[in-house]
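Heads up, the sequence shown is in the numbering used here, so the first residue is 1 and it goes up one at a time.
I should point out that these hints are in silico values taken from the structure, not numbers from a laboratory.
Fair warning: this is a prediction, and the values are worked out from it, not measured in the lab.
Backbone N, C-alpha and C define an ideal beta-carbon position, used for all residues, glycine too.
Warning: the hint list may mix true and false statements.
[Said to hold, decoys possible] FRET-style restraints, in silico, Cβ to Cβ:
1. GLY400 to SER146: 48 to 58 Å
2. LEU384 to GLU124: 21 to 31 Å
3. GLN460 to PRO125: 58 to 68 Å
4. LYS134 to GLU21: 34 to 44 Å
5. GLU273 to ASN159: 47 to 57 Å
6. ARG389 to LEU364: 17 to 27 Å
7. LEU331 to PRO498: 18 to 28 Å
8. HIS221 to LYS135: 42 to 52 Å
9. ASP344 to GLY365: 25 to 35 Å
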Amino acid sequence: MGRPGADTVFPREEALSNTHEILVRMEGIDKSFPGVRALYQARFELRAGEVHALMGENGAGKSTLMKVLTGIYQRDAGTVEVMGRPVEITGMREAQELGISMIHQELNLMRDLTIAQNIYIGREPMRGFILDEKKLNAMARDLLSSLNINLAPDTPVRNLTVAKQQMVEIAKALSHKETRILIMDEPSAALTEAEIEDLFTFIRELRARGVGIIYISHRMHELEEISDRITVMRDGMHVGTVNTADTTLNEIISMMVGRVIYEEPKHHSNVPEGAPVVLEVKNLLSTQVNNVSFTLRKGEILGIAGLMGAGRTELARLIFGADKRISGEILINGLPVSISTPRDSVSTGIGYLSEDRKQFGLCLGLSVANNVALPTLDLFSRGLVVDDRRIRSTSNEYKGRIDIKTPTVDTPAISLSGGNQQKVVISKWLVRNSDILIFDEPTRGIDVGAKSEIYKLINQLAAEGKSIIMISSELPELLRMSDRIAVMCEGRMTGILPIEEATQEKIMTLATPGARGRK
Numbered sequence: 001m002g003r004p005g006a007d008t009v010f011p012r013e014e015a016l017s018n019t020h021e022i023l024v025r026m027e028g029i030d031k032s033f034p035g036v037r038a039l040y041q042a043r044f045e046l047r048a049g050e051v052h053a054l055m056g057e058n059g060a061g062k063s064t065l066m067k068v069l070t071g072i073y074q075r076d077a078g079t080v081e082v083m084g085r086p087v088e089i090t091g092m093r094e095a096q097e098l099g100i101s102m103i104h105q106e107l108n109l110m111r112d113l114t115i116a117q118n119i120y121i122g123r124e125p126m127r128g129f130i131l132d133e134k135k136l137n138a139m140a141r142d143l144l145s146s147l148n149i150n151l152a153p154d155t156p157v158r159n160l161t162v163a164k165q166q167m168v169e170i171a172k173a174l175s176h177k178e179t180r181i182l183i184m185d186e187p188s189a190a191l192t193e194a195e196i197e198d199l200f201t202f203i204r205e206l207r208a209r210g211v212g213i214i215y216i217s218h219r220m221h222e223l224e225e226i227s228d229r230i231t232v233m234r235d236g237m238h239v240g241t242v243n244t245a246d247t248t249l250n251e252i253i254s255m256m257v258g259r260v261i262y263e264e265p266k267h268h269s270n271v272p273e274g275a276p277v278v279l280e281v282k283n284l285l286s287t288q289v290n291n292v293s294f295t296l297r298k299g300e301i302l303g304i305a306g307l308m309g310a311g312r313t314e315l316a317r318l319i320f321g322a323d324k325r326i327s328g329e330i331l332i333n334g335l336p337v338s339i340s341t342p343r344d345s346v347s348t349g350i351g352y353l354s355e356d357r358k359q360f361g362l363c364l365g366l367s368v369a370n371n372v373a374l375p376t377l378d379l380f381s382r383g384l385v386v387d388d389r390r391i392r393s394t395s396n397e398y399k400g401r402i403d404i405k406t407p408t409v410d411t412p413a414i415s416l417s418g419g420n421q422q423k424v425v426i427s428k429w430l431v432r433n434s435d436i437l438i439f440d441e442p443t444r445g446i447d448v449g450a451k452s453e454i455y456k457l458i459n460q461l462a463a464e465g466k467s468i469i470m471i472s473s474e475l476p477e478l479l480r481m482s483d484r485i486a487v488m489c490e491g492r493m494t495g496i497l498p499i500e501e502a503t504q505e506k507i508m509t510l511a512t513p514g515a516r517g518r519k
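Produce the complete structure using the sequences and hints provided.
Set out below in structure tokens:
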């Protein structure tokens, strides 16, 4: 991105170059749900052969606007034009017939079917009542070849990396007749850096073919590399549309959150000298973790870095008792403890925030209050009777304490944004009064404003004497938050760096197999 001065004025949409065909124009879009105005006078434009990033905090209205475009939701007001023609999109099939396809953040592939079967599911060529497998594979082979995707169509999806599965999802979306508009929701969230570069190469090829791509991502650094324009939404409304080359990340963030957010890397440890060791792990061994040892002090934030597959999550699950260890010892406050199940871990004062909060951290159908109380139901019960009034009172206390944005604590957790869902998970361990907290990818899939709030909360917990293990794939995040950074590679802990000595280069050297200097 360019670096104009602080007083740079964002150009209005009308002032931007309009040399390409307009594929989508949405104007004055309103959408309300009971008690919630999700969109108000929202607008968006997509041109042929461009990657247009759609940005905003969780709850800004991005997904709702795209669901209007794909026919999942019906707008209350406004107009939608596709390729210059006013349209009424009443469902996803109609959207596909108009050339609109969407790739959701959670991949929707059937792992036990082949690539070809996944691409043409429900549209398979038949010979009478029999599937024509040969023709199906030929169709898929032609499609994959046309997209320069080098995959065998009869390969089972379970054998593919996440990045390759993402390519199959794109091929599936483009297999529909004359797809011109492709919506990609957090396509890089689960990819490694190398896989992201492969994805970007593929996106550039689609752009060169004239496909218009709407790119939704919370990864700010991706914008400069892949997008042509950026539209920012806030509170269901259009804030502005700018050319990527003419603006800065800080300006985009300010548009998103209505305030300036700047977080400096940490330059020194905040752990008091002589702080006691609260957790010691000795020679922990499993099928995926190899002889790992480390200590954690009171009030410390210990970051854990490593490439995908390095064993970071597996280490966390071992400590928490979610996976079985072969050998090794865990000490809490200097005393050996027996942890073979998560229940054992919770009873020793350890809380675990899984990287997949929706699958392992929350019961999405339950209320905020019930989720907060889950690990501590014994404290809210008298015999077989649960004290619902006390649960609601305690949940309201934490709703205020860590600013969970929800209408009431009776709201189902599934209705909350990602950042607020994460706060609910944190609350349940605070209610349990866990002294040791393991945060696995605590800011994955949440926006920059919510990230800042989570950072402040983690720092506050450490200042109060909680001890935190923080696993993250984002090195700037670890350098911003950690007192020390432990690095893993291929199941081993290859080094622990004081924050004063830690750099991205040193971390990557320790995280990369075969790098020089490894012990």
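task = Take a look at whether the Cβ-Cβ distance between ASP344 and GLY365 falls inside 25 to 35 Å.
result = Between ASP344 and GLY365, where Cβ atoms are some 27 Å apart, the hint holds.
message = Given the hint of 21 to 31 Å, is the C-beta distance from LEU384 to GLU124 inside that range or not?
response = For LEU384 and GLU124 the Cβ distance comes to about 53 Å; the hint is violated.
query = Per the hint of 48 to 58 Å, is the separation of the Cβ atoms of GLY400 and SER146 within bounds?
reply = holds, 56 Å
message = Please check whether HIS221 and LYS135 have a Cβ separation lying inside 42 to 52 Å.
response = 44 Å Cβ-Cβ, so the 42 to 52 Å window holds.
ask   = Is it true that the C-beta distance of GLN460 to PRO125 lies inside 58 to 68 Å, as the hint says?
value = holds, 60 Å
task = Evaluate the given range 17 to 27 Å for the C-beta pair formed by ARG389 and LEU364.
result = At 24 Å between Cβs, range holds.
message = For the hint 47 to 57 Å, verify it against the beta carbon of GLU273 and that of ASN159.
response = Because 52 Å falls inside the window, the suggested range holds.
request  = Can you let me know if the beta-carbon spacing of LYS134 and GLU21 is within 34 to 44 Å?
outcome  = Hint holds: Cβ distance 38 Å, inside 34 to 44 Å.
query = Cβ-Cβ distance between LEU331 and PRO498: within 18 to 28 Å?
reply = holds, 22 Å
Comparing the model with each earlier hint shows a violation of hint 2 alone; every other hint is respected.
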